[in-house]
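Engineer: Based on these hints, arrange chain F on the given structure of chain L.
Number of protein chains: 2
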Amino acid sequence: MKRNVLIIGAGGVAQVVAHKCAQNNDVLGELHIASRTVSKCEAIIESVDEKGAMKVPGTFTAHAVDATDTAAVAALIRQTGCQIVINVGSAFVNKYVLDACIETGAAYIDTAIHEEPDKICETPPWYANYEWKKREACAEKGVTAVLGAGFDPGVVNAYARLAADDYIDEISSIDIVDINAGSHGKYFATNFDPEINFREFTGSVYAWQGGEWTENKMFEVGREWDLPVVGTQKAYMSGHDEIHSLASNYPKADVRFWMGFGDHYINVFTVLKNLGLLSEQPVKTAEGQEVIPLKVVKAVLPDPASLAPGYTGKTCIGDLVKGTKDGKPAEVFIYNVADHKDAYNEVGSQGISYTAGVPPVAAAILIAKGDWDVGKMVNVEELDPHPFLGLLNHMGLQTSIRDADGERELSFD
Amino acid sequence: MKRNVLIIGAGGVAQVVAHKCAQNNDVLGELHIASRTVSKCEAIIESVDEKGAMKVPGTFTAHAVDATDTAAVAALIRQTGCQIVINVGSAFVNKYVLDACIETGAAYIDTAIHEEPDKICETPPWYANYEWKKREACAEKGVTAVLGAGFDPGVVNAYARLAADDYIDEISSIDIVDINAGSHGKYFATNFDPEINFREFTGSVYAWQGGEWTENKMFEVGREWDLPVVGTQKAYMSGHDEIHSLASNYPKADVRFWMGFGDHYINVFTVLKNLGLLSEQPVKTAEGQEVIPLKVVKAVLPDPASLAPGYTGKTCIGDLVKGTKDGKPAEVFIYNVADHKDAYNEVGSQGISYTAGVPPVAAAILIAKGDWDVGKMVNVEELDPHPFLGLLNHMGLQTSIRDADGERELSFD
Numbered sequence: 001m002k003r004n005v006l007i008i009g010a011g012g013v014a015q016v017v018a019h020k021c022a023q024n025n026d027v028l029g030e031l032h033i034a035s036r037t038v039s040k041c042e043a044i045i046e047s048v049d050e051k052g053a054m055k056v057p058g059t060f061t062a063h064a065v066d067a068t069d070t071a072a073v074a075a076l077i078r079q080t081g082c083q084i085v086i087n088v089g090s091a092f093v094n095k096y097v098l099d100a101c102i103e104t105g106a107a108y109i110d111t112a113i114h115e116e117p118d119k120i121c122e123t124p125p126w127y128a129n130y131e132w133k134k135r136e137a138c139a140e141k142g143v144t145a146v147l148g149a150g151f152d153p154g155v156v157n158a159y160a161r162l163a164a165d166d167y168i169d170e171i172s173s174i175d176i177v178d179i180n181a182g183s184h185g186k187y188f189a190t191n192f193d194p195e196i197n198f199r200e201f202t203g204s205v206y207a208w209q210g211g212e213w214t215e216n217k218m219f220e221v222g223r224e225w226d227l228p229v230v231g232t233q234k235a236y237m238s239g240h241d242e243i244h245s246l247a248s249n250y251p252k253a254d255v256r257f258w259m260g261f262g263d264h265y266i267n268v269f270t271v272l273k274n275l276g277l278l279s280e281q282p283v284k285t286a287e288g289q290e291v292i293p294l295k296v297v298k299a300v301l302p303d304p305a306s307l308a309p310g311y312t313g314k315t316c317i318g319d320l321v322k323g324t325k326d327g328k329p330a331e332v333f334i335y336n337v338a339d340h341k342d343a344y345n346e347v348g349s350q351g352i353s354y355t356a357g358v359p360p361v362a363a364a365i366l367i368a369k370g371d372w373d374v375g376k377m378v379n380v381e382e383l384d385p386h387p388f389l390g391l392l393n394h395m396g397l398q399t400s401i402r403d404a405d406g407e408r409e410l411s412f413d
Numbered sequence: 001m002k003r004n005v006l007i008i009g010a011g012g013v014a015q016v017v018a019h020k021c022a023q024n025n026d027v028l029g030e031l032h033i034a035s036r037t038v039s040k041c042e043a044i045i046e047s048v049d050e051k052g053a054m055k056v057p058g059t060f061t062a063h064a065v066d067a068t069d070t071a072a073v074a075a076l077i078r079q080t081g082c083q084i085v086i087n088v089g090s091a092f093v094n095k096y097v098l099d100a101c102i103e104t105g106a107a108y109i110d111t112a113i114h115e116e117p118d119k120i121c122e123t124p125p126w127y128a129n130y131e132w133k134k135r136e137a138c139a140e141k142g143v144t145a146v147l148g149a150g151f152d153p154g155v156v157n158a159y160a161r162l163a164a165d166d167y168i169d170e171i172s173s174i175d176i177v178d179i180n181a182g183s184h185g186k187y188f189a190t191n192f193d194p195e196i197n198f199r200e201f202t203g204s205v206y207a208w209q210g211g212e213w214t215e216n217k218m219f220e221v222g223r224e225w226d227l228p229v230v231g232t233q234k235a236y237m238s239g240h241d242e243i244h245s246l247a248s249n250y251p252k253a254d255v256r257f258w259m260g261f262g263d264h265y266i267n268v269f270t271v272l273k274n275l276g277l278l279s280e281q282p283v284k285t286a287e288g289q290e291v292i293p294l295k296v297v298k299a300v301l302p303d304p305a306s307l308a309p310g311y312t313g314k315t316c317i318g319d320l321v322k323g324t325k326d327g328k329p330a331e332v333f334i335y336n337v338a339d340h341k342d343a344y345n346e347v348g349s350q351g352i353s354y355t356a357g358v359p360p361v362a363a364a365i366l367i368a369k370g371d372w373d374v375g376k377m378v379n380v381e382e383l384d385p386h387p388f389l390g391l392l393n394h395m396g397l398q399t400s401i402r403d404a405d406g407e408r409e410l411s412f413d
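In the order they appear, the protein sequences are chains L and F.
Residue numbering for the first sequence follows full-length UniProt numbering, starting at 1 and increasing by one per position.
Residue numbering for the second sequence follows full-length UniProt numbering, starting at 1 and increasing by one per position.
These are computed hints drawn from the structure, not numbers from a lab.
Treat the hints loosely; a few may be bogus.
Below, in silico cross-link-like pairs of lysine to any residue (SDA-like), each with a Cα-Cα straight-line distance of 20 angstroms or less [as the list claims (entries may be wrong)]: (1) Lys284(L) / Ile196(F); (2) Lys273(F) / Tyr187(L); (3) Lys95(L) / Gly142(L).
If you want the footprint, here are the derived chain L segments under chain F, 3+ residues with CB under 8 angstroms [said to hold, decoys possible]: (4) 268-278; (5) 282-291; (6) 295-304.
Every residue, glycine too, gets a C-beta built ideally from N, C-alpha and C.
Extracted from the complex, chain L is given alone in its bound form (with noise of 0.2 angstroms):
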């Protein structure tokens, strides 16, 4: 039983995880948030406030720590006496997060590959660069550490997982499907931190096929695909941070990861990339300003957190696996189905942080209950799913599927 929760970070997807775990606090115990801001910690307090989503009376508070200091954070750990901090501040952060609960033995949870700012696309697998360096320190000092907790990675994972468990004997392909059919009504924005969004697609689309990594330019392979509620979507394959863990889990299946872009996003996203706006190098005005022109297209586009009172529509998100059952060829594709205006209602928040910031806040429960208190470092499909995608189902996060039998809710109960 581990108790006390530490949220890091005070975006869209921290607002999220701060309305869930509050709405489970008979469960988490006293909770704290801490960013570099203090302010939008306590922006999100009072949301959280407002909605009356604390389940038990208990303590919800604001800290201000830099979360690329290791020190900080670990002291912060300490004098909070929190058990299991969910980190959801920016990729850059990662690692150093990870060494203050490796120093003080929380259990660990993120929702993202651990990034260098000056870097993008790194070589595959992505974890073995950083994380998973980690996992002797792990082991040895019985951490739990839960890597790509969020949607994708994460519920996914748990899809793939589910369906090697209980669909498919022998996997040959795993093709995780992300579709955004909604819309915020603007010109132009991204769904989440558009410095993190581009970086997702200016170097190479590593997938895993034949048993090797293959690498592609983004935008290269793109294909149509007929969904549940979203109907057909043409989607790309992109690289994604499940690939590189799904791939040494399951290294006989193709791994690939597609995500839906319509032809105006590529439009904007390719003039931006052309002409070198998407670059993270400085460059210099004319009079002689030093200036990282991503940061510049960051300023200029809505915040994503501005999006989600207007936004309208559903994602569709899950993996088509392939392979065979009992000798014969089979598939189903699992997935969830996610409303932006729900997701707002409840939290506050548009669907993709929904999606994004309920399932580490599952993790901390199956941790705090310890279903998945392994003591170890894991990505999602090392751990049974069937707890996770359970939890979900109760959490706003209904698991469906389609195979040969037709369309249908998964239960888990």
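Structural biologist: Here is chain F on its own, set in the frame of chain L:
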């Protein structure tokens, strides 16, 4: 007779002006060039030396000056004994250089309307906001100031006057068409300073139609033009300097300006504009740095001067003037065709800089010889076009005409 020329500016157009002044230094006398960065002036003089462009032995000297410092410019005019100033610096410096000429009595020539850095597309007639306020001062002191003496504005104003003098009795419309059918081989580039280039298209498009100013959005009104040499080209109604004076001098005629744009240019422009990246108003990055987006776009785009060596193809710029002749409907298209490669071979610049840089030197020669030394402020259409166009025919910019009698070169000898 006026002698000795001071060139203000050291960009792509200044390069052409310098070469053409050198080729005519028997008439123009001693040559000087000044800009904020003296090394740019020195590089231009070096290129003049390399081509052996000086017609007769003479001096060509580089100076450093802040052209927004009227006193400094006036001191430089006095120190060098220059009686003619060719201002091809940024459009932001016009009013300061003009004041220095009024103070010292030197003749003033520029190629673009004055702009304030924080304003775009000012209300018509734009000249009335700055230059024309100095008309009386020029007249009182007998200072010759020829405004907008590049190609457009400049030569196209002379074409309108030529049509009025020689071909059309009553003018009903003047449509200026500017087509660059050349190719620089880059993904995207502007042919002159991107900051000035984009500013032309981000505000309202003013035209003079039916005896009043009309206002449209950029790319709202477009049509195809069938033109000599470059063929069928699409051009869009755009705001441009010469409309603001031609509408005053030919108030009974509709006056419009049409700029050719390919679909690719329009797409890139539209994306940048809609995202707010063409704004001249500062934004703040997440890190708190204040940045003007347009200056960052300028920083990532190719330097226009760098396009010259690989530029191929031709430009076609001219006036379609309609009206009546001897009581019958008549129309003429008076135009020039310039070749990018020819321009580069002669003066090391691309065709856009060439067409802009040759005419102010022709104007300087006419002032030196007395023909255009009118002792007051004028726009080009207020001057006799024949000596100007005659000189340009011998300086690399041949005037041609297309009318009921077909296409042919015009001679003014």
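Engineer: Would the pair Lys95(L) and Gly142(L) pass a check requiring their Cα atoms to be no farther apart than 20 angstroms?
Structural biologist: holds (18 angstroms)
Engineer: Holds or violated: the stretch 295-304 of chain L covered by chain F, criterion of 3 or more residues with Cβ-Cβ distance under 8 angstroms?
Structural biologist: Per the Cβ count (7), the hint holds.
Engineer: Going straight from one Cα to the other, do Lys273(F) and Tyr187(L) come out at no more than 20 angstroms?
Structural biologist: holds (11 angstroms)
Engineer: Are three or more residues of the stretch 268-278 of chain L within 8 angstroms, CB to CB, of chain F?
Structural biologist: Since 7 is at least three, the answer is holds.
Engineer: Is the coverage entry for the stretch 282-291 of chain L by chain F consistent with the three-residue Cβ rule at 8 angstroms?
Structural biologist: holds (count 7)
Engineer: Taking only the CA atoms, is the gap from Lys284(L) to Ile196(F) under or equal to 20 angstroms?
Structural biologist: holds (18 angstroms)
No hint from the list above goes unmet by this structure.
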